[in-house]
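Chains as they are written, first to last, in this note's numbering: chain A, -10 to 379; chain B, 887 to 1130; chain C, 9 to 432.
Bear in mind the hints are in silico, worked out from the structure with no lab data behind them. Being a predicted model, the structure only gives us computed values, none of them experimental. A couple of the hints might just be wrong.
[Stated by the list, open to error] Result set (PhoX-like, lysine-lysine): computed pairs, CA atoms no more than 20 Å apart in a straight line:
(1) Lys154(C) <-> Lys175(C)
(2) Lys914(B) <-> Lys1055(B)
(3) Lys964(B) <-> Lys225(C)
(4) Lys1041(B) <-> Lys155(A)
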Amino acid sequence: MLIIKLAIKNLLGAGLRTWLNVIALSFSYVAIIFMQGLYAGMNNQMEASTIKVQYGGGQYWHELYDPYDPLSLDDSHAKIPNEISGLIKNNDAASILINQGSIYPNGRMQNILIKGIDPNQKILAIPTHFLNNQNGFIPALIGGRMAKSSGLKKGDFVTIRWRDAKGTFDADEVKVVEVINTEVSEIDNGQIWIPLDKMREMTVMPGEATLIVLKQNSQFTKNLSGWEFKNLDFLLADLRSLATTKSAGASIFYFVLLFLAMLAIFDTQILSIFRRRKEMGTLMALGMTRSTLIKLFTLEGSMHAVLAAFAAMLYGGPLVWYLAKVGYGLPASTDSFGFALGDRIYPEFTALLIIGTILLVLTVTSIVSYLPTRRITKLKPTDALRGKFI
Amino acid sequence: MKKLIFIMVILFAGALIAQPSADEIIKKVDANTVTDSQIAISKMIIKGRRGSRTVEAKTWQRGSNDSFTEYLAPAREKGTKMLKLGDQLWTYSPSTDRTILISGHMLRQSVMGSDLSYEDMMEDPLLQNMYNSKIIGEEKILDRPVWAIELTSKKDDISYDRRKVWVDKDRYIILKEELYAKSGKLLKTIDIHEIKKFDGRWVATSLTYKDVLKDGDGTQMQLDEIKLNQRIPDYILSKASLRR
Amino acid sequence: MLKFLFKGLVRDRSRSLFPILTVFIGVALTVFLYSYLNGFVSDMIKSSAHYNSGHVRIMTKAYSQESNQSPNDLAIIGIDPLIQNVEKSYPDMIWTPRIKFGGLIDIPDRNGETRIQGPVSGMAVDLFSKESRERKFLNLDESLVKGRIPEKPNEILIADDFARRLKVAPGDTATLLSSTMYGSMVMTNFVIAGTIRFGIAALDRGAIITDISDIQKSLDMNNAAGEILGFFKDDNFDSKKAYRIRDSFNEKYKNSEDEFAPIMGALPEESGLSDYMGLIDIASFVIIGIFIFAMAIVLWNAGLMGSLRRYGEMGVRLAVGEEKGHIYRTLILESIMIGIVGSFLGTLFGLIPSYLMEIYGLDLSFLFEKSSVMITGVLHADVTYETYLIGFIPGILATVLGTSIAGIGIYKRETAQLFKELEA
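Extracted from the complex, chain A is given alone in its bound form (with noise of 0.2 Å):
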């Protein structure tokens, strides 16, 4: 108890040059806990409205299905099991069907996946209900990125051209009733989205479906013949992947920002103990022995850390309340480059987080404190007493 009143003695007593390594320390924290914050609330964020708009609970595939491959998607559509229709109509599921067909805005075609959605599906956060405006007219939906790149907006006619079931060819007007800007552009790019069974008639493909979104946290995970079933981690693999890399990439940057904190601090630690032999060899004169004086020297290291746990706080603090609550503000179109981020980020600050930095600059200080007492075990108290060292 004494040694650690006596390094707080000594830390303040050194005045300046503290507060000066505590600022440096304290950037650390505060580098560390906002772009951890940052990046977990750009991926929760990421994975949250995907999650939302596009895989829900998770998804059964037609065993054919392959997202990646258009030329599957003529035979990989089948009846709903009777399992998953109990669901769909409990509003625990939602089915979609899929089909190739062509748009042709301004005279040329365009190849498209025709999506068919139940408008009034409450699954996916997609606003479907437009969907049922359909007066003598085939309503679809189009995302930001797909009116871009077709040059349609919201009122436009389109042809689209489709095959039906047996191969018959089919097309029609469809209108655009609303153009959703999603964040997800695995909803937007090259594909619209019209009402399931106006689909599910234009395509002769009646109860079908190519994949079923399961409501978010359900239960369900039966083997049905036919279906194969991917849950979320299956999903988000490629999201998560992407968020490990970015946060990879950035803690690079608090790697180095520490390093150079930690500089400041061993720096201090050995000059104190250059300049503060005197006081080593009074205080070893007078009984203390020399692990207790690493003790004491390596605690005033360490004590920056904790002092600059309380700087970070005092500006920090109020910091990143403010970001947690009224969010990081991105330019509008950020997400053209296929980030699944909405207008503002929501940096979140977990406890884990704000506890694991502290004590990871702590453990990190302290370590660096250490490392310069060490010289301490070789000091002779008579020799310390006369000035000289080593």
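Chain A is fixed; fit chains B and C onto it per the hints.
Then chains B and C, alone, in the frame of chain A:
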């Protein structure tokens, strides 16, 4: 290419005293369209956004299902061959010496950049097999009196759910045709500009095939030479002849 | 004077070694971090530029409206005179034509019949000309998994994953089934020269790379290309310059009614990166700011330490009658020297890992093997002109600042106290 031939090859039929039924008309049209065999040289004039170009081909055809086409011009396409046996289509290019089965979405591609797709070539040419017919009017096309006949599909695996054809009352040759989607939307039009008589049959020698969903003027087709009822040896209509 | 101080620094290790070491480490870190951050941004710009949009890109007006569908029927015809023209007008750029195309790859069996087919997206670039930098732009040599880069006509590179799915290896024949720019179906035989891993999953799934002359021949695109990409010679994107070039080029065709007149676009708008780049700019500015500040504090600390170490020396110098101001000035001068030497060494050593990382990159792709996102898993640093200078700012400024504050102590010392202190 085959489609073109079917459209073009129409037999001249003797005059009839009474107005025949729509089914009878279509049967006669079919009878005139399909020959035992024929060898034809034709041109396709494809108009694109950057001007037009002409592709020339020679086609051997037997019955309504099998045909063999060899491209003669332009130089780039010369030697490219295409074989259709039933519902399978192969293509061969001399530069690669490869025979490739065209399937899946490649069938949706246009033929040589024209408004015709390979799928269109795979159509059964016999209208009576696929459609119920009904006379819906009488008009004049190319100064000839015609019946306007509506064709609605008998089966559900037919590419075009509905067609309208305008049949020359004397010659039983189609002078105009419209292909519709199931929804009733017009997809393609065929307009015949000229017909000539070969070996006693009336054959369209110039027509325009147009995909109406696409911008542009459509693809023009021209028949330069046709020999009907020629003996076509079996080896021509075989995969081996692609590499010949 | 300078010489004297310099000798002092060299001979007294405690005066020079430790402060220089501190500056050195700090500057090296700054330099590395700066180039790392730059690399982060420029990786994104570079992969966009190299794989997609160039720093600027020329297309026909009609093509540009549908550029994401690579409509080769709307390609530029007569690229040679156009390239000569832009080479003359904008000599500090390199211009290279590219053709993107799609189709099917068909692998024959022993009898030449179809064994397996797969949809393919292809990019035809200039692989064979000596002056071409495409090999480097597309990072082909590093990405090669098996075989080699095409050396003669009708050789292709194929994505390694794709090759495995098709069960083909270098030396095998692959037939490309595609359409000419006039719409004819065309087949071309290629020999697989090598397989590559793009690190961009969308390409790894089914992409091939060929020499442009092969595709021009195959797709009937003699003297034509879908796009002409322009790159700054140093491969660093300069948005102001790029926009200037774009504007001056487009001015010439402003009044053209021809839908096949060329039109130029610059990278940010072409790639949809513009806002993202703005965001990163701000972020890196803030990050660098914080870093330089932290760095200054460390070096300030070092300065304090330096003058404290030399407490005794100062006492003697004051005692023998040296003026306080003079001592102070010599200290500052010394610190400048230390700052320069330290910054110089630090920059040098900071550049080494930066360069290594620029050249070899830090491969994190193992973290996301199954991924399908359009981003590379290899992190790079980017060394620019500023990188050489950035370290000197904190290096010298902070050292001088530290010393000048630390040196204030000199003025506080009383002559009367000196000998007492020196006895200790």
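| Broken hints, numbered, in rising order? | No hint contradicted; all consistent.
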